[in-house]
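50 is the number of the first residue of the sequence shown in the numbering used here; add one for each residue after it.
It is worth saying that the hints were derived from the structure and are not from the lab.
Heads up, the beta-carbon is just placed ideally off N, CA and C, and yes, glycines get one too.
Take these hints with a grain of salt, some might be off.
[Said to hold, decoys possible] Across the chosen pairs, the derived CB separations fall in these ranges:
#1 Val95 - Ala305: 31 to 41 angstroms
#2 Asn298 - Lys147: 29 to 39 angstroms
#3 Leu83 - Arg217: 52 to 62 angstroms
#4 Asp310 - His254: 12 to 22 angstroms
#5 Asn317 - Glu69: 24 to 34 angstroms
#6 Lys267 - Leu83: 32 to 42 angstroms
#7 Pro52 - Leu309: 56 to 66 angstroms
#8 Asp310 - Val159: 39 to 49 angstroms
#9 Gly77 - His109: 18 to 28 angstroms
#10 Leu309 - Gly77: 44 to 54 angstroms
#11 Asn173 - Val95: 15 to 25 angstroms
#12 Phe314 - Glu149: 53 to 63 angstroms
#13 Glu215 - Lys84: 23 to 33 angstroms
#14 Gln198 - Leu166: 23 to 33 angstroms
[Unchecked claim] Below are the DSBU-like pairs computed for lysine-lysine, each with C-alpha atoms no more than 30 angstroms apart in a straight line:
#15 Lys222 - Lys283
#16 Lys116 - Lys57
#17 Lys302 - Lys148
#18 Lys210 - Lys183
#19 Lys148 - Lys183
#20 Lys116 - Lys222
#21 Lys183 - Lys203
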Amino acid sequence: MDPISSLKPGTVLNNQQLCEIFKCSPQGGMRRSLKTSTLVIVTSHVDSIYDDQWHGDTLHYTGMGQKGEMNLSFHQNKTLSESPENGVAVHLFEVFKKKEYTYTGEMVRVGQPYQALQPDSDGNMRNAWLFPLKLKNEYALPFDETTAQELFEKKERKARKLSDSELRERAEKSPAQVGSRIGQTTVIPRSPYIAAYAKRRANGHCELCKQPAPFETKKGEPYLECHHIEWLAKGGDDSIENTVALCPNCHRKMHALNLLDDINFLRNCSSN
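Just need the whole structure built from these sequences, with the hints factored in.
Encoded structure:
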């Protein structure tokens, strides 16, 4: 049996196994193989602090080009923009743990490539090309809420190491509109830069009750939880103006009552 067609969603490969099956390069996020007439695309939830975004069952995949403006005719951007008419089958792998490539499935482009502002590898804003893709065959995506939370916390720890000015700049450049992903649960990705910035701005105190954090984490940091004033599930932005750091009690209060006076108070706090 053809090793590609026998791959099952959720199968985990190492890089060598992936290359042997698809006869492709061992490097890069877009790997064209002439021998198997395939294009392997990889989205990493570990190494990159900005992820390609799922909106429901559609992945908006960012093309090639780490610095400066992206070119739609550049290498595999051209291949993906001409798929599926060019006969090249597109296969998606996702990285949830280093050196592990989880097979998601064969993808089909379902819309025209479009441009959006995104930071490049130097943090400079540029026009990137995005490709809307859907799975050729539907199935439950191998991604759950526990995995999402673990990856987010890891990225937030990295973000906290930045200086005040670097953290604010990265938070301001983070995309305000977030996607969502349907799997075992619906997962809404957030920016770790914005979460880290809100907690640093709070300086160890709840931004609603103004009391010190109730306890410290194992790393000796004040324990506060991020809250979106206008909830993401209701269309709110993931932005520094819409994100505050609260003690667990006030966080629960906002989700239970969401009082207008508290909302207005938090909006003033986040805008200062």
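Aspartate 310 versus valine 159 beta-carbon gap, inside 39 to 49 angstroms or not: 45 angstroms, holds
Satisfaction of the hinted span 29 to 39 angstroms by the C-beta atoms belonging to asparagine 298 and lysine 147: 37 angstroms, holds
Confirm or reject the claim that asparagine 173 and valine 95 have a C-beta distance inside 15 to 25 angstroms. With a Cβ separation near 23 angstroms, asparagine 173 and valine 95 satisfy 15 to 25 angstroms, so the hint holds.
Hinted pair lysine 210 and lysine 183, Cα distance within 30 angstroms: Distance ~36 angstroms between lysine 210 and lysine 183 Cα, so the pair is violated.
Does the Cβ-Cβ separation between aspartate 310 and histidine 254 fall within 12 to 22 angstroms? Cβ of aspartate 310 to Cβ of histidine 254: about 19 angstroms, so the range 12 to 22 angstroms holds.
Hint check for glutamate 149 and phenylalanine 314 - Cβ pair distance inside 53 to 63 angstroms: The hinted range 53 to 63 angstroms is violated for phenylalanine 314 and glutamate 149, with Cβ atoms some 45 angstroms apart.
Does 32 to 42 angstroms hold as the CB distance between lysine 267 and leucine 83, or does it fail? 51 angstroms, violated
Cβ-Cβ distance between asparagine 317 and glutamate 69: within 24 to 34 angstroms? At roughly 58 angstroms between Cβ atoms, glutamate 69 and asparagine 317 fall outside 24 to 34 angstroms, so the hint is violated.
30 angstroms Cα cutoff - pair lysine 183, lysine 203: 28 angstroms, holds
Is lysine 116 close enough to lysine 222, meaning Cα to Cα at most 30 angstroms? 15 angstroms, holds
With respect to the beta-carbon atoms only, verify the hint that proline 52 and leucine 309 lie 56 to 66 angstroms apart. Cβ of proline 52 to Cβ of leucine 309: about 59 angstroms, so the range 56 to 66 angstroms holds.
Between lysine 116 and lysine 57, is the straight-line Cα distance small enough, at 30 angstroms or below? Not OK: lysine 116 and lysine 57 at ~35 angstroms, beyond 30 angstroms, violated.
In this structure, the earlier hints numbered 3, 5, 6, 12, 13, 16, 17, 18 are contradicted, and the remaining ones agree with it.
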